[in-house]
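J.: Dock chain L against the given chain V, drawing on the hints supplied.
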Amino acid sequence: AQTVTQSQPEMSVQEAETVTLSCTYDTSENNYYLFWYKQPPSRQMILVIRQEAYKQQNATENRFSVNFQKAAKSFSLKISDSQLGDTAMYFCAFPATGNQFYFGTGTSLTVIP
Amino acid sequence: DTAVSQTPKYLVTQMGNDKSIKCEQNLGHDTMYWYKQDSKKFLKIMFSYNNKELIINETVPNRFSPKSPDKAHLNLHINSLELGDSAVYFCASSLDRTPSTDTQYFGPGTRLTVL
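So the sequences go chain by chain: V and L.
Under my numbering, the residues of the first sequence are numbered 1 to 113, in order.
Under my numbering, the residues of the second sequence are numbered 1 to 115, in order.
Next up, chain V with everything else stripped away, as it sits in the complex (with noise of 0.2 Å):
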């Protein structure tokens, strides 16, 4: 079965800190994205980041970055100097077979000044 966990529904980092949001996935496609979207209390869904299932690179946009472990099928959220617009919920996202898209449950993250 294809699923997808968040094991922290809520999380939170004082201002400036950094923090990891985990995320475990199970697919059977062989090229694939994985993503992490942001949701603030605008409710706006909005792409954070994405890695290429076949680059063994983590990806990096700015202060937020990837740790993606393929064998383990990890792939962890890291913000970096944490500011209070961070503040919001973050869903992993990824496909699956027959043109599905997966979702997370998400973690909300509070940062704290």
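To be clear, the hints were calculated from the coordinates, so they are not data collected in a lab.
One or more of the hints may lead you astray.
Unchecked claim - Derived pair list, reagent style SDA-like, types lysine to any residue, alpha-carbon separation capped at 25 Å:
hint : chain 1 : residue 1 : chain 2 : residue 2
1    : L       : 40        : V       : 110
2    : L       : 44        : V       : 76
3    : L       : 40        : V       : 43
4    : L       : 41        : V       : 65
5    : L       : 41        : V       : 110
6    : L       : 36        : V       : 50
7    : L       : 40        : V       : 112
8    : L       : 41        : V       : 19
9    : L       : 44        : V       : 49
10   : V       : 55        : L       : 96
11   : L       : 36        : V       : 40
12   : L       : 9         : V       : 105
13   : L       : 44        : V       : 48
14   : L       : 36        : V       : 26
15   : L       : 40        : V       : 10
16   : V       : 73        : L       : 44
17   : L       : 44        : V       : 10
18   : L       : 44        : V       : 7
As the list claims (entries may be wrong) - Some chain V residues judged to face chain L by a derived CB distance under 10 Å, without partners named:
hint : residue
19   : 31
20   : 33
21   : 37
22   : 42
23   : 44
24   : 45
25   : 46
26   : 50
27   : 89
28   : 91
29   : 93
30   : 102
31   : 103
32   : 104
33   : 106
34   : 108
Here a beta-carbon is modelled for each residue, glycine too, at the ideal position from N, C-alpha and C.
T.: Using the frame of chain V, we list chain L on its own:
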């Protein structure tokens, strides 16, 4: 410039009514999607359309029907609304028809409340 737009942003209606939510994308993408996000923030794909062809049809009630007049638009029509339809509905689009290797861009969402 809004890439993926939805109207309305909020929709409050009575049980049993029929309503539509509109979605438009100006990204030149070929595939559009509808997602439902429930009260627990769980997102589930409902439909996708590629060049007017339905390529994903989740086990949603047939009261929900996607309508695509052209590849830039994918509207969601809901008949005989029920209390359980209350949710946030997101439209999304992607360049290609293969979600496994493509990025989806989301609209702002429509919060539907059925009374």
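J.: Please go over all the hints and tell whether each is borne out by the structure.
T.: Status of each hint after checking the structure:
A threshold of 25 Å between alpha carbons decides the hint, and for residue 40 (chain L) with residue 110 (chain V) the separation of about 17 Å falls inside it, so the pair holds. A C-alpha spacing of about 21 Å is found between residue 44 (chain L) and residue 76 (chain V), which places the hinted pair at or below 25 Å, so the restraint holds. Restraint check for residue 40 (chain L) and residue 43 (chain V): satisfied, since their Cα atoms lie roughly 13 Å apart, inside the 25 Å limit. Distance restraint check for residue 41 (chain L) and residue 65 (chain V): the Cα-Cα separation of roughly 24 Å lies within the 25 Å cut-off, and the hinted pair is therefore satisfied.
A distance of roughly 16 Å separates the Cα atoms of residue 41 (chain L) and residue 110 (chain V); the hinted pair therefore holds under the 25 Å criterion. Of the supplied pair hints, the one linking residue 36 (chain L) and residue 50 (chain V) holds, its CA atoms being roughly 22 Å apart against a limit of 25 Å. Among the hinted pairs, residue 40 (chain L) with residue 112 (chain V) is consistent with the structure: their alpha-carbon atoms are about 23 Å apart, no more than 25 Å. Using a Cα cut-off of 25 Å, the hinted pair residue 41 (chain L) and residue 19 (chain V) holds, with the two alpha carbons roughly 22 Å apart.
Of the supplied pair hints, the one linking residue 44 (chain L) and residue 49 (chain V) holds, its CA atoms being roughly 20 Å apart against a limit of 25 Å. Proximity of residue 55 (chain V) to residue 96 (chain L) is assessed by CA-CA distance (about 20 Å); at most 25 Å being required, the pair is judged to hold. For the given pair, residue 36 (chain L) sits about 17 Å from residue 40 (chain V) by alpha-carbon distance, which is consistent with the 25 Å threshold. At roughly 23 Å between alpha-carbon atoms, residue 9 (chain L) and residue 105 (chain V) fall within 25 Å of each other, so this suggested pair holds.
Restraint check for residue 44 (chain L) and residue 48 (chain V): the C-alpha separation of about 19 Å stays at or below 25 Å, so the hint holds. Our distance criterion of 25 Å between C-alpha atoms is met by residue 36 (chain L) and residue 26 (chain V), whose separation comes to about 22 Å. In summary, the hint linking residue 40 (chain L) to residue 10 (chain V) is supported, as the alpha carbons are separated by about 13 Å, within the 25 Å threshold. With a C-alpha separation of about 21 Å, the suggested pairing of residue 73 (chain V) with residue 44 (chain L) holds against the 25 Å cut-off.
For a cut-off of 25 Å, the pair hint linking residue 44 (chain L) to residue 10 (chain V) stands: about 21 Å separates their Cα positions. A threshold of 25 Å between alpha carbons decides the hint, and for residue 44 (chain L) with residue 7 (chain V) the separation of about 18 Å falls inside it, so the pair holds. Taking 10 Å as the C-beta cut-off, the interface hint given for residue 31 (chain V) holds, the closest approach to chain L being about 6 Å. The interface hint given for residue 33 (chain V) holds, since its Cβ lies 6 Å from the closest Cβ of chain L, which is under the 10 Å cut-off.
For residue 37 (chain V), the interface hint holds, since its Cβ comes within 10 Å of a Cβ in chain L; the closest pair sits about 8 Å apart. Annotation: interface hint on residue 42 (chain V) holds; nearest CB of chain L at approximately 8 Å, less than 10 Å. Against a cut-off of 10 Å between C-beta atoms, the interface hint on residue 44 (chain V) holds, since the closest Cβ of chain L lies about 5 Å away. At its closest, the beta carbon of residue 45 (chain V) sits 4 Å from a beta carbon of chain L; the interface hint therefore holds under the 10 Å criterion.
Interface hint status for residue 46 (chain V): upheld, as the beta-carbon distance to the closest one in chain L is roughly 8 Å, under 10 Å. Interface hint status for residue 50 (chain V): upheld, as the beta-carbon distance to the closest one in chain L is roughly 6 Å, under 10 Å. Contact between residue 89 (chain V) and chain L, as hinted, is supported at the beta carbon level, the nearest pair being about 6 Å apart and thus within 10 Å. Annotation: interface hint on residue 91 (chain V) holds; nearest CB of chain L at approximately 7 Å, less than 10 Å.
With a cut of 10 Å, the hint placing residue 93 (chain V) at the interface with chain L holds, because the nearest CB-to-CB distance is about 8 Å. With its C-beta approaching chain L no nearer than about 8 Å, residue 102 (chain V) sits inside the 10 Å limit, and its interface hint holds. Nearest Cβ of chain L to the Cβ of residue 103 (chain V): about 4 Å, under the 10 Å cut. The hint holds. Here the hint on residue 104 (chain V) is kept, as its CB sits about 9 Å from the closest CB of chain L, short of 10 Å.
Hint on residue 106 (chain V) holds. Least Cβ distance to chain L is approximately 5 Å, under the 10 Å limit. The interface hint given for residue 108 (chain V) is met, as the beta carbon of that residue sits about 8 Å from the closest beta carbon of chain L, less than 10 Å.
Of the numbered hints listed earlier, not one is contradicted by the structure.
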